[in-house]
Amino acid sequence: MAALHLINHQHAMTDCLAVAAADDAILLLEDGVYAGAVGVAPQRPLHALAADVHARGLDGRIAAQVVVVSDAQFVELVTGHVPIVTWR
Amino acid sequence: MAALHLINHQHAMTDCLAVAAADDAILLLEDGVYAGAVGVAPQRPLHALAADVHARGLDGRIAAQVVVVSDAQFVELVTGHVPIVTWR
Amino acid sequence: METKRLLFLLRQPPYGSSHALEALESALVAGVFDQRVSVLFSGDGVWQLLAGQDGPAIQRRSIAKIVRALPQYDVTALYACAEALATRGLGAGDLSLPVAIVTRDEQRALLAEQDAVVND
Amino acid sequence: METKRLLFLLRQPPYGSSHALEALESALVAGVFDQRVSVLFSGDGVWQLLAGQDGPAIQRRSIAKIVRALPQYDVTALYACAEALATRGLGAGDLSLPVAIVTRDEQRALLAEQDAVVND
Amino acid sequence: MNIAIAVHGAPYSSQAALSALRFCRAAVAAGHQVARVFFYHDGVHTASAISVPPQDEPSPLADWVELADAAGIELAVCIAAALKRGIVNGDEQDRYDLTASNVHPAFAIVGLGQLIEAIGSSDRFVTFAA
Amino acid sequence: MNIAIAVHGAPYSSQAALSALRFCRAAVAAGHQVARVFFYHDGVHTASAISVPPQDEPSPLADWVELADAAGIELAVCIAAALKRGIVNGDEQDRYDLTASNVHPAFAIVGLGQLIEAIGSSDRFVTFAA
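Listed in order, the protein sequences are those of chains A, B, C, D, E and F. The first sequence runs contiguously to residue 88 in my numbering. The second sequence runs contiguously to residue 176 in my numbering. The third sequence runs contiguously to residue 296 in my numbering. The fourth sequence runs contiguously to residue 416 in my numbering. The fifth sequence runs contiguously to residue 546 in my numbering. The sixth sequence runs contiguously to residue 676 in my numbering.
Just chain A, with the same shape it has in the complex (with noise of 0.2 angstroms):
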């Protein structure tokens, strides 16, 4: 099974994107979710937890291939990935 990676920094995405794996999934939260805004997000399919991109007023500045899922949804990528990987 794919890993599941959480970023609540931004500054992480580097080292997470260095070792993920292509089928790998990536969920930006907290302050993580500024690396899924437009111009600044990579270019690899993404997900971010709504309530934190709305909190900080980045709704309609998430790049296209960033995926906004509700905190239901961060539970179903929990139970469909093995192992979760927080970065800081």
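Quick caveat, the hints were computed from the structure, so don't treat them as lab data. Watch out, some of these pointers could steer you wrong.
Claimed, not checked - Over the 12 angstroms line for every Cβ pair with chain F, so calculated as not near, a few chain D residues:
#, residue
1, Glu-318
2, Pro-352
3, Asp-370
4, Tyr-375
5, Ala-378
As the list claims (entries may be wrong) - A few chain B positions that, by computed beta-carbon distances, are all more than 10 angstroms from chain F:
#, residue
6, Gln-98
7, Ala-109
8, Ala-110
9, Ala-113
10, Glu-118
11, Val-126
12, Val-128
13, Ala-129
14, Ala-139
15, Ala-152
16, Gln-153
17, Val-155
18, Val-156
19, Ser-158
20, Ala-160
21, Pro-171
Claimed, not checked - A partial selection of chain E residues facing chain C, derived with a Cβ cut-off under 7 angstroms:
#, residue
22, Tyr-428
23, Ser-430
24, Gln-431
25, Leu-434
26, Gln-471
27, Pro-474
For each residue, glycine too, the CB sits at the ideal point set by N, CA and C.
Chain A is fixed; fit chains B, C, D, E and F onto it per the hints.
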């Protein structure tokens, strides 16, 4: 009087250098001292706090442009500069 | 107590930690205390200025509201780093209140005239 | 309790915070608990491996000592990121104990075979 | 599915405890089991019974206690991380001759082994970092 | 020279309090005055009277109390930052009906205005960040 910049995390170096004046002093302390290592340190005069250099095993790994200073010399840097700017 | 030139250097994003909130609260108090206060938003601190924030969505007070309160506390010298805004795709129209957008050279001059700097 | 493949991913420098210390302590316990434990030092975490540390100079326990205790707790699968070492000018001879120096591809494979990852 | 959770950040100082709380609620709502939330690093401050939330902000403590009670979640605090941060229960107050204790009774003070045990007996392990 | 100090990091979790302590000692030894150390952000945890240092490690609390006493330094803790982090004195325990208080008596609980006042009445202001 010139400013003294305190850097206690390596990642803050870039932003500090972008606004520090040529005659400002920069002191690396705590995890900031890693930014004074050979091959990593920027080409400008820097200071690094001796206790932090030594604790991390960096004696002998500090770049030539970095002056390693004691706690007493840290105090002299503070009294000799205004303002003191902390970057984190 | 003398009147000092006091700069708040705000470089942290608004919600992931309490750094932004608590630094802003100290800036509000400095305004009341009749100091010559400036605030410079730079690095990820410019995200504090973005319009449309909704802190309560993550059980937090909206930082944008506190930022907008600064002028009411006589903190009117508000600056934002031009490069920090540009790298994040932000322009003056995206911000929740008017600030002076300053170059690195202008920030260097601003720092040089301070008596003290408070960071977040 | 099942035996799990458990990786400790250590990316923080040794002394500026307690992250490194507390993560290492949990790795020692995992060794005692008979899990299949690996430890990967990457990013600034490779500084934890540097020889010649003297934590007591800043009133801290030496992190290098705790790292060297890992094999005694049956934690013997120790890895360090080759790129992280190289960018910091570190080679195998600079480290306080022998570790397997692994490429990004090898780290990707190591991650893929884990049941759980603990971070610092 | 059984999901074990670790929280590494303090309330207010970090968003970790809030994110973990929302995740746990969603996991429980989806029919999953969260047997134990392990508070480690600065996360141990979540267990303080004597913190006073700012006006107009909900109490993260009350939210944790309510969720744990409703969903049968064990709230576990690492003893080593807690002691040095001044998070102590009555037993430790007596043992170390301290002037007070401050752990909320809904939180259990446990050893680090309980973190490894939680990981070993669950299907997923998710860390909310500081 | 008069030097005001701010500490933003918690003991153990950050090196800030240790660095500030060493700096204050050196400043006092050089004949300077440190009128007030202001503990803000996570720095407020420095005032906890009920933390238990790990074995073989010195107590940062005892070091602060000793230095403050010897050099006439006021140890000031920001009330707003402290309350939400569970750092409270007897007055606040009564006011908020809490089960305990945990501030060491050598620390004064003060308003944020005291930070501004300390900066305004000193020649230098140095912050030890988290």
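Hints, one by one, checked against the model:
no.: 1; hint: Glu-318; result: 9 angstroms, violated
no.: 2; hint: Pro-352; result: 9 angstroms, violated
no.: 3; hint: Asp-370; result: 23 angstroms, holds
no.: 4; hint: Tyr-375; result: 27 angstroms, holds
no.: 5; hint: Ala-378; result: 29 angstroms, holds
no.: 6; hint: Gln-98; result: 13 angstroms, holds
no.: 7; hint: Ala-109; result: 18 angstroms, holds
no.: 8; hint: Ala-110; result: 22 angstroms, holds
no.: 9; hint: Ala-113; result: 13 angstroms, holds
no.: 10; hint: Glu-118; result: 5 angstroms, violated
no.: 11; hint: Val-126; result: 23 angstroms, holds
no.: 12; hint: Val-128; result: 20 angstroms, holds
no.: 13; hint: Ala-129; result: 20 angstroms, holds
no.: 14; hint: Ala-139; result: 7 angstroms, violated
no.: 15; hint: Ala-152; result: 25 angstroms, holds
no.: 16; hint: Gln-153; result: 23 angstroms, holds
no.: 17; hint: Val-155; result: 17 angstroms, holds
no.: 18; hint: Val-156; result: 15 angstroms, holds
no.: 19; hint: Ser-158; result: 8 angstroms, violated
no.: 20; hint: Ala-160; result: 5 angstroms, violated
no.: 21; hint: Pro-171; result: 7 angstroms, violated
no.: 22; hint: Tyr-428; result: 5 angstroms, holds
no.: 23; hint: Ser-430; result: 6 angstroms, holds
no.: 24; hint: Gln-431; result: 5 angstroms, holds
no.: 25; hint: Leu-434; result: 6 angstroms, holds
no.: 26; hint: Gln-471; result: 10 angstroms, violated
no.: 27; hint: Pro-474; result: 6 angstroms, holds
When held up to the earlier numbered hints, the structure conflicts with 1, 2, 10, 14, 19, 20, 21 and 26 and fits the remainder.
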